[in-house]
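Student: Assemble chain B onto chain A, guided by the hints.
In the order they appear, the protein sequences are chains A and B.
If you're matching positions, the first sequence starts at 1 in the working numbering and goes up one per residue.
If you're matching positions, the second sequence starts at 1 in the working numbering and goes up one per residue.
To be clear, the hints were calculated from the coordinates, so they are not data collected in a lab.
Here a beta-carbon is modelled for each residue, glycine too, at the ideal position from N, C-alpha and C.
Do not rely on the hints blindly, as some may be mistaken.
To be verified - Reference excerpt, derived from the structure (chain B facing chain A, CB under 8 angstroms, subset only):
id, residue
1, A70
2, L375
3, T376
There are 2 protein chains.
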Amino acid sequence: MTGAGTAAFLRSRWVRAPEGVEELDPAELAPGFRAAGVPAGIKRSGKPDLGIVATDGDAASAALLTRNAAPAAPVTVCRERCELDSLRAAVVNSGNANAATGEGGYRDAVRIQEVAAAELGLEPAAVAVASTGVIGEPLPAGGIEAAIADAAAGLDPRGAVEFERAIMTTDRGPKQCTLRAGGVTVSAQAKGAGMIEPGFATMLCFVQTDAQVSDPDEALRGAAAGSFERITVDGQMSTNDMVVLQATGAAGRPLPPGLLDAVLLQLALEIVADGEGATRVGRVDVDGAASADEAERVARAIANSPLVKTALYGRDPNWGRIAQATGMALAGAELPEPSPDWIDAAELGAEMAEAEIGVDLGRGEGAAHVFFSDLTPEYVRINSEYTS
Amino acid sequence: MTGAGTAAFLRSRWVRAPEGVEELDPAELAPGFRAAGVPAGIKRSGKPDLGIVATDGDAASAALLTRNAAPAAPVTVCRERCELDSLRAAVVNSGNANAATGEGGYRDAVRIQEVAAAELGLEPAAVAVASTGVIGEPLPAGGIEAAIADAAAGLDPRGAVEFERAIMTTDRGPKQCTLRAGGVTVSAQAKGAGMIEPGFATMLCFVQTDAQVSDPDEALRGAAAGSFERITVDGQMSTNDMVVLQATGAAGRPLPPGLLDAVLLQLALEIVADGEGATRVGRVDVDGAASADEAERVARAIANSPLVKTALYGRDPNWGRIAQATGMALAGAELPEPSPDWIDAAELGAEMAEAEIGVDLGRGEGAAHVFFSDLTPEYVRINSEYTS
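Next up, chain A with everything else stripped away, as it sits in the complex (with noise of 0.2 angstroms):
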């Protein structure tokens, strides 16, 4: 995965690497970061399933969190307890979402911030807590404080692959990387959008730089909306998504532009192609439409249609069931008569891992895109044979 002067990791067709960008070895964190996972007994299997990744000294901070309106415990605690734009460290558990628990559930987010705290030696503000797995049962009641004090003491710069293997819940496969360009470092660790036991398709996203970035949120914001902003598994918000965005600043110099849009767009894209039983990953480029709105609206409808995922599924260039769910979408509206001069569905029916449908409304200068992966006999699967 390692390539002196390219980077490997950023292989997506939809993907722009910026010049120059190298990838390093994805244990590494950026300069001035420490992490580390171990098993705090959440998960039944014993694997890791408890991470912390901290600075060693100040930093400017971002933080994005789900809008679902029954958040996860650890949501919560950071809206109200956090200052989130200068976050030292984050505090994540996989294997129990801490989700739908209730005040005894508020209680053990606010008791992890604080003995994670008190470990790192830091307020309580400063730390971010999240949570991602089974919802509805409360955390376990031991082990936790004691697995908190075993990963603070053992934050390591080269911890990255220890703390994404915590944070990971039924991935397939690791979602990080670190990489360096413009003489700055960036490391992301990130989890997907498999949906856990009872659980929901929670995306946790962490990222790291030497950067000197002067306005965390709008960097953050910015390049989320072009990636975690633009995807969709089952049209599914989570109670417990986040996104966490951390500079220190110590390279003195600015992120290089494209350098987060590329590593989050990717990630994202990873996350999609790591859906619960995704086989395909599949791009919808909705443009003419009278307004970016109206074409989002439209791009989405596609992209959630559980017909068009079928034939995404089914290699089937199906540009019917895309002008169905456009004329859903636009009901009331008067659209060109469809057909394949406004719809290209030409790669649905392609053997291709990632696949791009255009659409054409012709009605004005509006545009917008929407990455989604596949719906499969295994999504089904492994949604109804669960019984909590």
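Tutor: What follows is chain B alone, placed relative to chain A:
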């Protein structure tokens, strides 16, 4: 299926049968109507694929047409060339939706209307046209005109079963009834949301009665609002959906309250139960919403969530997935902490063909309900294996 003084047809737990409703032989149409179904060579199987239902004299009528912005040619013909309040006949073909077929498709639909009108001795504007089946392919050139003549010549007061056969596609069984109550008769034939080859979930329904219906449009809209407008199989809106009500008034009596509602709701539930690969029907009741619109939004988010639909299939009383869909529909709002106190998912886990889910948001007085089918491996198989 026939029982004196009862109506086994109205068998769903959610359908309230009016007092004294009696079930007649489903081959019989309401007095004053005749129907026929014949093979026209559109279905490759050679099965009946062209049907006509017609009144002997004048009738008041109403029609509901899909709001899809890319409607099929017959829908456009109905909208542009029919007097929908005084329809005398409907001519319906299965096996080809005549959708996404351009100007040629429109000319074909007009031609079908004109040939049927000539055979029946009616004005073209009194003849509705409907189609269901494969989309994006022109209707076959030969056979249809001769079949229209055959069907017109074969119209029979006991032709309802033949008509139903001619409009069915992948339906697992017929969806029709003839009921008598309050001195009037109602017959109805529907075909359901089994999707056709590369096509969509077209729903067609034709209702005949000898009752006096002073405002057929209001009556039909009211009954459809509680039935066809409350169902979802996969959240997709067809290019071809159509519901037609014709009332001769010959019985000199009005429809008994609730009769039309009961008939359309039972047919709607059969369409859901016959959704592609479906094994169960769910009903989600949302109460305590800030408004009826909000309740509807939440109910549809739950009913269309693939997580909830796979839980329905998997007999999984997974209230967490319902909380997540609710939170997604109400992103940005403040909800009570999700718990089994406000989400009743018990019946998801029970072995019953019709399962109810309850959600009480505790925010206001808004309420809504939606009926939906489960998502099964068979749905994926059906919709991915066809290659156009």
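Student: Compare the structure with each hint and give your call.
Tutor: Structure-based check of each hint:
1. The restraint placing A70 (chain B) at the interface with chain A holds, with a minimum CB-CB distance near 3 angstroms, inside the 8 angstroms limit.
2. Hint on L375 (chain B) holds. Least Cβ distance to chain A is approximately 6 angstroms, under the 8 angstroms limit.
3. Residue-level restraint check for T376 (chain B) holds (minimum Cβ-Cβ distance to chain A is 6 angstroms; threshold 8 angstroms).
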